[in-house]
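Start from the sequences and build out the full structure, keeping to the hints where you can.
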Amino acid sequence: MQKWIYKQKCIFLFIYLKKKKKEKKKKKKEKKRKSLRFVITK
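Residue numbers for the sequence shown follow my numbering, so the first one is 566 and each next one is one higher.
Please note: incorrect hints may appear among the correct ones.
What the hints assert, rightly or not - Subject to a maximum C-alpha distance of 25 Å in a straight line, what follows is the list of computed DSS-like cross-link-like pairs (lysine-lysine):
1. K586 x K572
2. K590 x K568
3. K596 x K583
To be verified - Simulated DEER-style distance windows between Cβ atoms:
4. R602 x I580: 27 to 35 Å
5. V604 x L582: 29 to 37 Å
6. K574 x R602: 37 to 45 Å
7. K592 x W569: 29 to 37 Å
8. Q573 x L601: 37 to 45 Å
9. K568 x S600: 26 to 34 Å
10. R602 x Q573: 39 to 47 Å
11. K596 x I576: 43 to 51 Å
12. I580 x L601: 25 to 33 Å
Hints listed in this document are in silico derivations from the structure and should not be mistaken for laboratory results.
Cβ coordinates follow ideal geometry from the N, Cα and C atoms, glycine included.
Set out below in structure tokens:
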């Protein structure tokens with residue numbers, strides 16, 4: 566039983582970290598887009 570709970574935690578952590586990475590990438594892309602737009606409007 567203990568092992569199973571541990572496994573579940575690992576899987577959960579893995580998914581959680583993956584989601585965080587994706588969010589970071591999205592934010593970076595948005596920043597790039599904003600700076601591009603800024604350059605264009607200048």
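We went through each hint and held it up to the structure:
1. K586 x K572: holds (21 Å)
2. K590 x K568: violated (33 Å)
3. K596 x K583: With Cα atoms ~20 Å apart, K596 and K583 stay inside 25 Å; holds.
4. R602 x I580: 27 to 35 Å: At 33 Å between Cβs, range holds.
5. V604 x L582: 29 to 37 Å: holds (34 Å)
6. K574 x R602: 37 to 45 Å: Check passed, 42 Å falls within 37 to 45 Å.
7. K592 x W569: 29 to 37 Å: holds (35 Å)
8. Q573 x L601: 37 to 45 Å: holds (43 Å)
9. K568 x S600: 26 to 34 Å: violated (49 Å)
10. R602 x Q573: 39 to 47 Å: holds (44 Å)
11. K596 x I576: 43 to 51 Å: violated (31 Å)
12. I580 x L601: 25 to 33 Å: holds (32 Å)
Against the hints set out earlier in the document, violations occur for numbers 2, 9 and 11.
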